[in-house]
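**Q** Sequence:
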Amino acid sequence: MLTRILALKSVGVPVSIVRLLRMWLRKSLTEDLAHALMINHKAGVNWPVDELETHAVAGGNVKDVVTAAAGLHAIGADYTRRKLLDIDLILGRAPELVIAFAEAHRDTPDLTFDAFADRHLQDEDFIRSVRSQAQKPPGAPPPATSG
Numbered sequence: 001m002l003t004r005i006l007a008l009k010s011v012g013v014p015v016s017i018v019r020l021l022r023m024w025l026r027k028s029l030t031e032d033l034a035h036a037l038m039i040n041h042k043a044g045v046n047w048p049v050d051e052l053e054t055h056a057v058a059g060g061n062v063k064d065v066v067t068a069a070a071g072l073h074a075i076g077a078d079y080t081r082r083k084l085l086d087i088d089l090i091l092g093r094a095p096e097l098v099i100a101f102a103e104a105h106r107d108t109p110d111l112t113f114d115a116f117a118d119r120h121l122q123d124e125d126f127i128r129s130v131r132s133q134a135q136k137p138p139g140a141p142p143p144a145t146s147g
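Taking the working numbering, I'd label the letters of the sequence shown as residues 1 to 147.
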């Protein structure tokens with residue numbers, strides 16, 4: 001426990017010692033949460049500590065969520081934190097979805113992460129539909145979806 005607190009303070013994570021001790025008493029200051037807080041700080045994601053703690057306690061993978069958020073931050077993509085947290089809890093594959101989004105976003109710059117995630121949750125192969133739409137001449141009808 002002490003090593004986690006020292007590690008967090010040594011990298012400059014803006015969390016008070018008192019707050020870290022409270023997290024330790026609640027048994028929520030796990031190694032995964034401490035690592036996620038460090039990534040959160042170093043990558044400039046700056047998610048609220050209480051939101052990450054709550055997600056960890058709810059069974060979410062905070063390291064994956066913060067890594068995914070850092071990826072979205074790096075490409076300058078807008079996203080809602082709630083959507084990313086939901087993706088992690090529902091699918092458990094937030095980083096994979098961000099990688100797929102980054103690829104689709106290169107082809108379709110107006111695409112938002114939230115729209116991409118919604119379509120992914122609806123089990124639509126969005127990357128394939130974006131690519132096929134990009135190859136069609138202007139004014140052509142959109143591809144038919146099965147469902």
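Hints were generated in silico from the structure; no laboratory data involved. One thing to keep in mind: the hints can contain errors.
[Claimed, not checked] Here are the simulated DSS-like pairs of lysine-lysine, each with C-alpha atoms no more than 30 angstroms apart in a straight line:
1) Lys27 x Lys42
2) Lys9 x Lys42
3) Lys27 x Lys83
In this text the structure is predicted, and so the values were computed from the model without any measurement.
**Q** Please go over all the hints and tell whether each is borne out by the structure.
**A** Checked hints:
1. Taken as a hint, the Lys27 and Lys42 pair is honoured in the structure, with Cα atoms around 24 angstroms apart against an allowance of 30 angstroms.
2. Note on Lys9 and Lys42: the hinted pairing holds, with a Cα-Cα distance of about 12 angstroms set against a maximum of 30 angstroms.
3. At most 30 angstroms may separate the alpha-carbon atoms for a hinted pair to count; Lys27 and Lys83 meet this at roughly 26 angstroms.
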